[in-house]
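Two independent chains are provided; combine them into the complex using the hints.
Chain order of the listed sequences is S and G. Each residue of the first sequence is one higher than the last, beginning at 1 in my numbering. Each residue of the second sequence is one higher than the last, beginning at 1 in my numbering.
Be aware that one or more of the hints could be misleading.
A partial selection of chain G residues facing chain S, derived with a Cβ cut-off under 10 Å [said to hold, decoys possible]: (1) ASP236; (2) ALA238; (3) ILE332.
Don't read these hints as lab results, they were simulated from the structure. Just so you know, even glycine gets a beta-carbon here, dropped at the ideal spot from N, CA and C.
Listed below, chain by chain, are the residues.
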Amino acid sequence: MGHCEMLLAVAGLDQKALEERTRLLASRDWGSLPAGDRAAFFFAKKLSKTPWAIDDDDRNRLVAHFGRERALDVIWWACRCHYMTRVADGFQLPLERENVFAPPPSSNSTAGPK
Amino acid sequence: MIRTSWLALFLFAMFAGTAPAAPDRPGGWPLASNDEAWKHLPRALTGGGARLPAWARATACDLPRTTAAMLELDRLHRTKSPLGPSLRGKMRWVAADANRCEYARATAEADLRRAGISEAEIADLKTGPDRWPDGERVALKFARQMTRDASLVTDAEFAGLKAAYGDEKLVAMVLLIAAANFQDRLILGLGLAPEDGGPLPPLDVKFDPEAPKPTVPARDNPSHRHGPAEPTKVDDPAWREFDFAALQRGLRDQKAVQGRVRVPTYDEVLGRLPDGYPKPRNPIRIRWSLVCLGYQPELAAAWSACTRAFGEEAKQDRVFEESLFWIVTRTIHCFY
Numbered sequence: 001m002g003h004c005e006m007l008l009a010v011a012g013l014d015q016k017a018l019e020e021r022t023r024l025l026a027s028r029d030w031g032s033l034p035a036g037d038r039a040a041f042f043f044a045k046k047l048s049k050t051p052w053a054i055d056d057d058d059r060n061r062l063v064a065h066f067g068r069e070r071a072l073d074v075i076w077w078a079c080r081c082h083y084m085t086r087v088a089d090g091f092q093l094p095l096e097r098e099n100v101f102a103p104p105p106s107s108n109s110t111a112g113p114k
Numbered sequence: 001m002i003r004t005s006w007l008a009l010f011l012f013a014m015f016a017g018t019a020p021a022a023p024d025r026p027g028g029w030p031l032a033s034n035d036e037a038w039k040h041l042p043r044a045l046t047g048g049g050a051r052l053p054a055w056a057r058a059t060a061c062d063l064p065r066t067t068a069a070m071l072e073l074d075r076l077h078r079t080k081s082p083l084g085p086s087l088r089g090k091m092r093w094v095a096a097d098a099n100r101c102e103y104a105r106a107t108a109e110a111d112l113r114r115a116g117i118s119e120a121e122i123a124d125l126k127t128g129p130d131r132w133p134d135g136e137r138v139a140l141k142f143a144r145q146m147t148r149d150a151s152l153v154t155d156a157e158f159a160g161l162k163a164a165y166g167d168e169k170l171v172a173m174v175l176l177i178a179a180a181n182f183q184d185r186l187i188l189g190l191g192l193a194p195e196d197g198g199p200l201p202p203l204d205v206k207f208d209p210e211a212p213k214p215t216v217p218a219r220d221n222p223s224h225r226h227g228p229a230e231p232t233k234v235d236d237p238a239w240r241e242f243d244f245a246a247l248q249r250g251l252r253d254q255k256a257v258q259g260r261v262r263v264p265t266y267d268e269v270l271g272r273l274p275d276g277y278p279k280p281r282n283p284i285r286i287r288w289s290l291v292c293l294g295y296q297p298e299l300a301a302a303w304s305a306c307t308r309a310f311g312e313e314a315k316q317d318r319v320f321e322e323s324l325f326w327i328v329t330r331t332i333h334c335f336y
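In isolation and in its complexed conformation, chain G is listed as follows (with noise of 0.2 Å):
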């Protein structure tokens, strides 16, 4: 009965805005059609008007510029990745697969098919580490031990990688990876079924840079709102297995480490800067910045486009977004 209440208070509040997304299908989140997500994308200079993976229906009518954004990051691990289309198809399926992300599985496995990887080398790849290739097991399982917990990923692991591929291809991972990460559970946490008709290819268009920004929803005020009740203790017994004083011991550690790539001066960084960059007003300090714009500038720019996009479109309250994000480090141990 009160699941029943909810699910009503859930529909009225998706529909009672004035965004146009409607459902198209039990569960998940309302996806807008096709022509309304793009009525609201920003204008596009050719690809206008193709069809648009889910997850983009999905965000295009309240983030419009971060779903573009978004759009071009998927292009770019999918079709301009430095590893190849082997070796980026069957660590994006590995992710996908440990994040138990169907759409992402089918979407990854659809792309190594384009890629003429064999159905031999496809069923070896589901059927796990044993049948991986050689030449790919170090990478894949890095792929699964960054997705599962990253934080045991050990120095050795890394460096035996490095060895093999070096700097810029083990940066071009670990940002595959993170990117397979954010996808997935946006994906999952919408709840986004697999594409009807199939998986859909990496989508080719380009956004007008000069095009005026699309204007977003006003969001409610959630002070003004009354949702249910929420627990107000954390029942989870890994929240006590580090106090304040450990997570701060942990901070103090993180500052001793050596690292495991070399950083980029930025002089070297602010030379590689892709076309369209805004360039910084200030020198980079923050160390993982200087090493994804130094060694995949392609890449750190269109993932910064992206929150560069969401934070002028959702406005959210700072506090509470970095508050989040500390959840989410304490949660997962990644003490950053």
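Isolated chain S, as found in the complex (with noise of 0.2 Å):
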């Protein structure tokens, strides 16, 4: 498991429903998603890879999808993603081998420092 699967089991999602989850993901088929969340993933997307591109139809769609403090959340979030990765991509560290997000046998305890 890597780091955002450990997220999604801790929001949830068991074994199962977390592998169809990422292999929904990464297929090329995302027609069983939400369209607002399609709306997100494809505006996280293009915030990662070309972020001087996002336009004012970009951020309307969100708008229209989200209302406009959900919309800044999701803008927030996507953001967010690229302080993580590139923290993640710089030390190259071991991924943990047990999920370090979930909290410790015998806690009732949230996850650590993200």
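So, in structure tokens, the structure goes:
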């Protein structure tokens, strides 16, 4: 599991659901996803590769699907991913073998700092 | 015609809510006035009411504590990073240039001038690597590669920087570039133009940690909204490069890498946590958290404050947000 999958597991997906989810995301057919999710994912892809090309139309679509406040959340989160990935790619640390975001056994605490 | 209709819908959606943000220029995200933004931010002990950067005016109403944390992150990287004013300003400019973010380029350039960097040296920076000073060229090239495609930075490049600067400064570099790639995308994603009247200096404000948490506006339920039709196929040749099995192999390989920096122990990290950092209820096991907090506790804690505040204010659906994270990692070949 990578950190994304670990976090999806913490979000509540069991192993089967997690694999189905990542297979769907990795596929070229996102037809079964809600239109809003697709809008957010396409936005995130464009923001990743050509952030300078994001335009009013891209923002308009997010706002139409999510409303202004939630659209801002989506944009902020997509930007946040580029902090995390630069740290991950920079240090090239070995992935942990257990889910380090899940509370340890006999604990009810939440995940550690991100 | 279709585009015009969507513009009308967008403008309606923007201003139909209760937040006071209002446009002060065509295009881009609506900005609150400075006074209105300060009304939403947490109480400041010092520095309240000062002129806020456009990105803070764009986010203050809907993400007030997140915005306060971002202002602190911005100030720390621009004033406290151990890289010193010349190198950190230049690395920030190089990242902004690679992202084509005019706002951040102008801000970094102004920071360099405030630090006394000569016009000739700034001109050399803008000319490109051939004119970059020998003593800084490797670090500046690292900033550019980390921004353009961090997955292509080599172990040898990293080792060279480590030998020249040591672990602590190297971690500060990575965190600076990470913060730059976050901030540039926020500015570009929101379509924010450079500041009227020129770039702003870092904001010297201290928020009251005991202040009541500002309320945040309720979010719409996306399932109750009906946006435009979206493509159902990922029409992107790069998406075909890795199928599910290849991605799983990438993750397996990532478990076997050696890592480029020593991971401090949890006890080492505990001894360096900044004042006010919430003591973890369980030992931190996430390696990169140990690295960031262990070598650059203040910079790392400032970022953690942003993500913690965002999580509490936005309360996004976790599966949705981690799926979006998955999409980003896949798009830029970050097997993590």
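Going through the hints against the structure:
{"no.": "1", "hint": "ASP236", "result": "holds (7 Å)"}
{"no.": "2", "hint": "ALA238", "result": "holds (8 Å)"}
{"no.": "3", "hint": "ILE332", "result": "holds (5 Å)"}
Violated hints for the displayed structure: none, as all numbered hints are satisfied.
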